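Q: Sequence:
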Amino acid sequence: MTQLGLGCAPIGNLYDLVDDRDALAVVHAAYESGLRFFDTAPLYGHGLAEQRLGAALASMPRDELTVATKVGRVLVPDDGAHGSETIFVGVPPVHPVFDYSGDGVTRSLADSLERLQLDRVDIVHVHDPDDHVEEALAGAFPTLRRWRDEGVVDSIGAGMNQGAMLARFVREAGVDCVLLAGRYTLLDQSGLDELLPLCERERVSVIAAGVFNSGLLADPKPGAPFNYEPAPSAIVERTRQLGAVCARHDVPLTAAAIQFAAAHPAVTTVLTGVRSADELRANIIDFNRPIPVALWDDLRSEGLLPAHAPTP
Numbered sequence: 001m002t003q004l005g006l007g008c009a010p011i012g013n014l015y016d017l018v019d020d021r022d023a024l025a026v027v028h029a030a031y032e033s034g035l036r037f038f039d040t041a042p043l044y045g046h047g048l049a050e051q052r053l054g055a056a057l058a059s060m061p062r063d064e065l066t067v068a069t070k071v072g073r074v075l076v077p078d079d080g081a082h083g084s085e086t087i088f089v090g091v092p093p094v095h096p097v098f099d100y101s102g103d104g105v106t107r108s109l110a111d112s113l114e115r116l117q118l119d120r121v122d123i124v125h126v127h128d129p130d131d132h133v134e135e136a137l138a139g140a141f142p143t144l145r146r147w148r149d150e151g152v153v154d155s156i157g158a159g160m161n162q163g164a165m166l167a168r169f170v171r172e173a174g175v176d177c178v179l180l181a182g183r184y185t186l187l188d189q190s191g192l193d194e195l196l197p198l199c200e201r202e203r204v205s206v207i208a209a210g211v212f213n214s215g216l217l218a219d220p221k222p223g224a225p226f227n228y229e230p231a232p233s234a235i236v237e238r239t240r241q242l243g244a245v246c247a248r249h250d251v252p253l254t255a256a257a258i259q260f261a262a263a264h265p266a267v268t269t270v271l272t273g274v275r276s277a278d279e280l281r282a283n284i285i286d287f288n289r290p291i292p293v294a295l296w297d298d299l300r301s302e303g304l305l306p307a308h309a310p311t312p
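Residue 261 in the working numbering sits at position 261 of the sequence shown, with consecutive numbering throughout.
I should point out that these hints are in silico values taken from the structure, not numbers from a laboratory.
Some hints here could point you the wrong way.
[Said to hold, decoys possible] What follows is a list of derived Cβ distance ranges for each label pair:
1) Pro222 x Glu200: 22 to 28 Å
2) Tyr15 x Asp193: 27 to 33 Å
3) Arg240 x Asp20: 34 to 40 Å
4) Asp16 x Ala110: 48 to 54 Å
None of the values given here were measured: they were computed from a predicted structure.
We put the CB at the ideal spot given by N, CA and C, even for glycine.
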């Protein structure tokens, strides 16, 4: 697991089209830049992200890579009544159906391996079981634990946009890691309430995703997405305040966003998703950019970061 990983939702046409050539270039640029962790899911582009990732990884040494995908949604053919409600564009004629049963997650992983052109993945997460907790605890997680015991996968986890339920899974589901999306960022530190301290105590790895909160921290303007919806004006204003402090120290807001998420001791990897190789290289520069301690002090003194949040 490298400290910086590639989240593959954007190469599944999140919000906008990415052509095949650019998608493959992103993955190749990630590998050439030293990234070795790649996270995807059937939901991303309704299978398209897995297909593109698999095509790109086919030329890379498999033993050097850590590949994660997710279960909990099975892709089924469209019947004319589905497929329109999605934040992905240009998707194949299939749509996801929730299924956290043992049979459902088994089918999901088999389909993912076929799209990825792989005989195994390293990490499997239960994806977004917000409204299916008991089904996931009864069906999905026991199946994943069996896969781990049998050596089918190395590690198991859960990926969600909330911390409270992930904390429950840390306590009850025997997970090795969790993927926390959008809840440990410069704009939202709710992961600090319970999940991150718990994971640190239990030695459960945290993969921090959505560190730009769907894009707002990368481009703070009215109408920019925040948690996959247009950002409220108060959130845009807070983002501008964060950006103003960063500008005083000649630090891009994106650099502060990536490095803040990486600074918590429970966080092992930060995922960023990009649409181009140039965006990826910019994120790598931001990840390694020197940031003065005074910037974090100013964010705290202006009430923009909690005093107990770890910083680089």
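Q: Does each hint hold? Answer for all of them.
A: Structure-based check of all given hints:
{"no.": "1", "hint": "Pro222 x Glu200: 22 to 28 Å", "verdict": "37 Å, violated"}
{"no.": "2", "hint": "Tyr15 x Asp193: 27 to 33 Å", "verdict": "29 Å, holds"}
{"no.": "3", "hint": "Arg240 x Asp20: 34 to 40 Å", "verdict": "36 Å, holds"}
{"no.": "4", "hint": "Asp16 x Ala110: 48 to 54 Å", "verdict": "30 Å, violated"}
The structure does not agree with the numbered hints 1 and 4 stated previously, though it agrees with the rest.
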